[in-house]
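Chain A is already provided as a structure; the job is to place chains B, C and D on it using the hints.
Residue numbers (the numbering used here), protein chains in the order written: chain A, 1 to 417; chain B, 1 to 417; chain C, 1 to 417; chain D, 1 to 417.
Some clues are possibly wrong.
What the hints assert, rightly or not - Restricting the straight-line Cα-Cα distance to at most 25 Å, the calculated cross-link-like pairs of lysine to any residue (SDA-like) are: (1) A:K204 with D:R406; (2) A:K348 with A:N322; (3) C:K382 with B:W221; (4) B:K227 with C:A390; (5) C:K227 with D:K404; (6) A:K204 with D:M10; (7) C:K227 with B:L386; (8) B:K276 with A:V302; (9) A:K204 with D:K414; (10) D:K8 with C:Y220; (11) C:K145 with C:S122; (12) B:K204 with C:Y408; (13) A:K382 with C:D19; (14) A:K8 with C:N31; (15) D:K325 with C:N31; (16) D:K134 with C:N322; (17) B:K414 with A:S22; (18) C:K407 with C:T117; (19) B:K414 with A:F345; (20) D:K414 with C:M10; (21) D:K204 with A:W221; (22) A:K204 with D:N367; (23) B:K204 with D:P21; (24) B:K227 with A:H149; (25) D:K382 with A:E331; (26) D:K325 with C:S32; (27) B:K204 with C:P332; (28) B:K78 with D:N73; (29) B:K309 with A:E331; (30) B:K382 with C:V405; (31) B:K414 with C:N383; (32) A:K227 with B:K204; (33) B:K382 with C:R406; (34) B:K78 with D:V81; (35) A:K132 with B:S312; (36) C:K387 with B:W221; (37) A:K204 with D:Y412; (38) B:K204 with D:K414; (39) A:K204 with D:K404; (40) D:K325 with C:D12.
I should point out that these hints are in silico values taken from the structure, not numbers from a laboratory.
What follows is the residue order along each chain.
Number of protein chains: 4
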Amino acid sequence: MAAPNKRKIMNDPVYGFIDIPSGLIYEIIENSYFQRLRRIKQLGLTYLVYPGAYHTRFQHAIGAMHLMSTVINIIRSKGHVITEKEENAAMLAILLHDIGHGPFSHALEFTIVKNVTHEDLSLLFMDKLNKKYKGKLDLAIKIFKNEYHKKFLHQLVSGQLDVDRLDYLRRDSFFSGVSEGVIGSDRIIKMLDIVNDELVVESKGIYSIEKFLIARRLMYWQVYLHKTVLSAEQLLVKTLLRAKELSEKGEMLFATPALQYFLSNDVCADDFKNDKKVLGDHTLLDLYANLDDYDIMSAIKVWVNHPDKVLSTLSSNMINRNLFKIVIQNEPINKEVLSAKKKEFKEKMSLTDKEIKYFVFTDNITNYAYSANDEKINILMKNNELKDIAEASDMLNISVLSKKVRKYFMCYPKKLD
Amino acid sequence: MAAPNKRKIMNDPVYGFIDIPSGLIYEIIENSYFQRLRRIKQLGLTYLVYPGAYHTRFQHAIGAMHLMSTVINIIRSKGHVITEKEENAAMLAILLHDIGHGPFSHALEFTIVKNVTHEDLSLLFMDKLNKKYKGKLDLAIKIFKNEYHKKFLHQLVSGQLDVDRLDYLRRDSFFSGVSEGVIGSDRIIKMLDIVNDELVVESKGIYSIEKFLIARRLMYWQVYLHKTVLSAEQLLVKTLLRAKELSEKGEMLFATPALQYFLSNDVCADDFKNDKKVLGDHTLLDLYANLDDYDIMSAIKVWVNHPDKVLSTLSSNMINRNLFKIVIQNEPINKEVLSAKKKEFKEKMSLTDKEIKYFVFTDNITNYAYSANDEKINILMKNNELKDIAEASDMLNISVLSKKVRKYFMCYPKKLD
Amino acid sequence: MAAPNKRKIMNDPVYGFIDIPSGLIYEIIENSYFQRLRRIKQLGLTYLVYPGAYHTRFQHAIGAMHLMSTVINIIRSKGHVITEKEENAAMLAILLHDIGHGPFSHALEFTIVKNVTHEDLSLLFMDKLNKKYKGKLDLAIKIFKNEYHKKFLHQLVSGQLDVDRLDYLRRDSFFSGVSEGVIGSDRIIKMLDIVNDELVVESKGIYSIEKFLIARRLMYWQVYLHKTVLSAEQLLVKTLLRAKELSEKGEMLFATPALQYFLSNDVCADDFKNDKKVLGDHTLLDLYANLDDYDIMSAIKVWVNHPDKVLSTLSSNMINRNLFKIVIQNEPINKEVLSAKKKEFKEKMSLTDKEIKYFVFTDNITNYAYSANDEKINILMKNNELKDIAEASDMLNISVLSKKVRKYFMCYPKKLD
Amino acid sequence: MAAPNKRKIMNDPVYGFIDIPSGLIYEIIENSYFQRLRRIKQLGLTYLVYPGAYHTRFQHAIGAMHLMSTVINIIRSKGHVITEKEENAAMLAILLHDIGHGPFSHALEFTIVKNVTHEDLSLLFMDKLNKKYKGKLDLAIKIFKNEYHKKFLHQLVSGQLDVDRLDYLRRDSFFSGVSEGVIGSDRIIKMLDIVNDELVVESKGIYSIEKFLIARRLMYWQVYLHKTVLSAEQLLVKTLLRAKELSEKGEMLFATPALQYFLSNDVCADDFKNDKKVLGDHTLLDLYANLDDYDIMSAIKVWVNHPDKVLSTLSSNMINRNLFKIVIQNEPINKEVLSAKKKEFKEKMSLTDKEIKYFVFTDNITNYAYSANDEKINILMKNNELKDIAEASDMLNISVLSKKVRKYFMCYPKKLD
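The following block holds chain A by itself, in its conformation from the complex:
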């Protein structure tokens, strides 16, 4: 007899319906750690440039889980055995791969918390959940750490052609409205196969892979590293840094207790690992699990009226989208140009030497769309040979794609009131 109402279906604007398996996966999604992802935007401040890009990490994690299940079924249909246990573990691994992300995703990495990557934090969260669920996440964690012999499962979680990328490229282009970033994920997925426990792409999928790499590069320059997005993120970082500076001096800024803790204390990787109690009953990881976009933005809105001029100016600029002017170039910013700008705005804004660095500064960003050193994308040629896409493609310019591009930028205020 059928039990139609037990299945859980989620509507997704990108894929349509997504089946949520019952059992552990369903419970993990219900867990407050995972629900937190509903309050963290996937693309940080990108919505200040692409208003539609307001989507959340929650949607992305569910979408990637859906792709994982699709890929696994396709691989099975080609004659490979993947057990239900392995399937569940792979789905859990991708579901949780980004659980460690902090507010505004990448924008605030290394600002609120230093020297701890979001991957490290993801693993700590997984371990904690694993304790709660009495070892049921063992295999998921093994796959996440690449300690399982079926390497392709890890490659699908984290590799040149993982379901993480397949989902985020499609999803981010969907929500931003940058239709050129759309990738043929359906076709790529149909072309995946396994050779010696490693992920490969059938040779007739070469054009799709080329297109995927080009689309990824396009999304980098057009969306992820868009100059105005970069400028907005720098403003957010500077605002938080100033708040941290003031807090560490002992000033009590308006902030949720969790944010206040991270503003007033420098925490390191070991502090998270020890997971001792830091605020009432809350451990450090719990406290971190309380942080999301709402803590940050609500605090900044209040800081607009703070007496510290640097903080209030930065905050007001952030809230009212009065972003830095930004210059991007292939060479480092000329030191004299920088000095001149600093001098100009120090005077205009009556700032001290210590304060001007929040308003006029330089830094750099890098990007490469395909890394030959990293995991490769292996093409299964018709003669059953394996070739790296860089070799298999008659386009030959993968070398260009895999070249790390470093760009330098300088920010300074746009308008003063």
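Showing chains B, C and D alone in chain A's frame:
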């Protein structure tokens, strides 16, 4: 000579590119009142059911402005004169029609602020902007208030077939992934015309209008009034009401200053109109303009740890998506059933008589997809007669659509920990 | 070891990739009877109004087969057993359900061949293929004829909610560009279930079903029975009828041998069943299997220069899209109006009494979107009761949908040269 | 007063609604020369691989006309004057740019008619229409021939970035279902501008252009030069060549009179230019204007039963999709390999030396996605300099794209019955 970089183009996932005219419209969009809409979700808590529906009022207002411009050009192409000044005013009117919305859009209407509709507030904001811009919004306000002789301009801002609805139905179905709500807005727009300064639809557009009404009804029951969305909104309302009760008793809850003011004070329409200073330099309207989704959600996250058991339970349920169970039916909830539920949970949760009303309660909702009393949708028949769609449609059931449907619901806790 | 290249994948603009199972299904698709569907347009002459609607029966049959496979997997996931043999048979049944269609699909039914429906012919083709494949289509034929105990399999081939309709509504709206006809087939399919071997819809699918019925009705009036399409089809019918009249008188018209046979001979159902040889080695069914859109259109192009004025005028009008004017109304055409038109054009065109009926004539069409007498659409209510959608829907107007609508029309020439 | 019903709107699945201007453009579309394009498939036999790719030249021409109008309005919005007369002429030029195409588009170029390109024929058709419309196409023809001083109008008709390509890439990927070919034509169009009467692209459009070139290359290898499509086209060519050989020997094959003329006579460019009467009242160009896909396919269906074994085998293979096996490689086919294949099949099929060339043969194809020699794609850099995309792109591999790729192929029969 061309000046290609002066134009401002926005990417919209729904319509593609949207041209933003320079001048006043551009300045209004840059204004902090309007930028605030970036921080208010169009569909309140709907994202707890449809994770994609996290889009903002900002996107909707820009989208509706775009449709206004499209409609005006189509009407012009049919031989009607609409001046540039009128076009600009209509675009401003639609841009600002929802500027008065508070956090979480409709979900909190009448909770934070009583007896003041968001339309009233929109008008106050427009008046204030009009002062700032020295009367340049006069015509926009006239159109908004339906005091301009070209009535169709008001009808496009607010009527049975306004660009507000045309945009939100399409946008909300796009982001929620409920593809059945998609309306043929392109075709409807092509069919619009003007007769005696009133908006009409060419007769061959009848099927599209029928479909539009059906789609609207479907969106109501499937999205806007979805039982789980309703349940989530009730939880949010009860949480805020409890916070207000405690605040009015004098307790200081964690909240941004703006939210704190509205929790501790009952304000009425006149208070807004007088717009006196209430907090430092801030007038009441300014304070309201500081409120958005972030104030609410960050406060509730902190209230999870509040000593008041009612507030902390409601807050924790809100943050962790532990929503009320909800029963919806066509008849009022039986009083005895309600009493029994109250009794049951009073005991289970050790609550007092005064407290139980936050957890077990009943209320009702109504909806009608087409109101015959309201503005009509006029069809321009081939013989140049005008007919209301209710008459023109051979489907005959517009009477069903225009029947006000009232549904009654009861909420009570799902699981207790 | 995987054998990736054995699977056959087809690209479909509507669903993306479609898997073609190997074995009998693949062979049937390769068969010349089925390949013929590549040369028969799904919507006859609709492309004269909607230029994109040039798609073929081949695509539709493959698409419907794909949906059948999808539905069967969803039903299985709800705990019902459907054997692989049953699945294959159902896929074959839907693949072949329209194999008997003649040129231009419905447009020429009862013109080239009288008193034989395309369903009868489909069955004859299936029987013939069954002989060739030594009984391997037995079960498919049983399902097609509704002689199999799992009635839902037949309902999926031919019922109020069959995969035939689900595919054609979506496909026809896709290609015609009438986006309002798009149905939420994904959601409907997810909601299907089986009770007592009959197809039912879960109660939360009610709105989707309502939308499906409305969309179907819209497609009828906006596309399938569009007045210009109707006018074009009437022109085609009249052209063929004149050609048949001349041929039966013994005139040799230019035509492929197969078309010539059907123009010169009246064939009945029994002639097909006996399937005797009629032209060299060709049986009647073989000859019919030779007919497609190309025979008709190439002949008409030549007839433009035929000495018979009626035939040449009709043909030229057909080729150059000089269609009849058409009047459609709810009541029969007034006899005097018709007589007057006949008189007018008899004179203008110097035609005889016998000839004018090819240019001025009247007829009627009917349509109903939901037939209560027919198979019902059963909704599985939450209390496990079954209700017909006409009862389950609170829209109440299914009665309107199920009312047979008859419209009367009159055609006459538009312009004369 | 408005005249809503005068405008003509066409539904297009790709762009939605397309406005058809009244006047000359409307009359040209109604003309039988243009209506003929409804009977010529845009992609020849591609539908044998991608069943959805059954769309016609008619749709493409209308779509390209729509894009022309869109581009012109965007260019105007950037401050350039384009008169209504110029706009109309450009729309006519693109509408008619392919009017000279014969049956199955490119597949039969140089088979039915030798040494006359379809561009030559398009011009002859335009001249003929120009005579009929008394010089009203003068400017359209000037633009088509690149004799008008506003060179960008010609570039939009025929250049590296013309609306022809912009439409066909998008349309062909839409109908074939090869979604990776989708180009961001909206964005490209928004980026177009004019400098010194030449078409340029704003610098921020660089990524879109790169994507456009990559998509075009992908469409070439995945669709236009797909090996099975190539194989099908070769089969069609060989079938027609055999029919021509037999006809020239005096044999009367079944064919429409128009096709029969071209099978029996070799015609050259001058014959078309002289346009003398060749069949009754029909001139050569008229006769050509009678040819479309229907003449070819209906004839081949009849030839299946022709006594000439070569013709009947080729025809039967064509109709039943029994295509040649095809080998494609980067080097010329080895002569011995070819000889061996010829020998093998001569014996298997009992063919003579003269006959085998219809079944076993070799040839080559070339493609380049961007030609540096040709018209360039000029990017308008921020410093107002113009740079060729090959230089402006930091992807650097335009050199690869512009390299002519030549591939060699050999065909031979797949299965013999």
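Practice prompt. Any hints from earlier that this structure breaks? Give me their numbers in increasing order, please.
Written response: 5, 6, 14, 19, 24, 29, 32, 38
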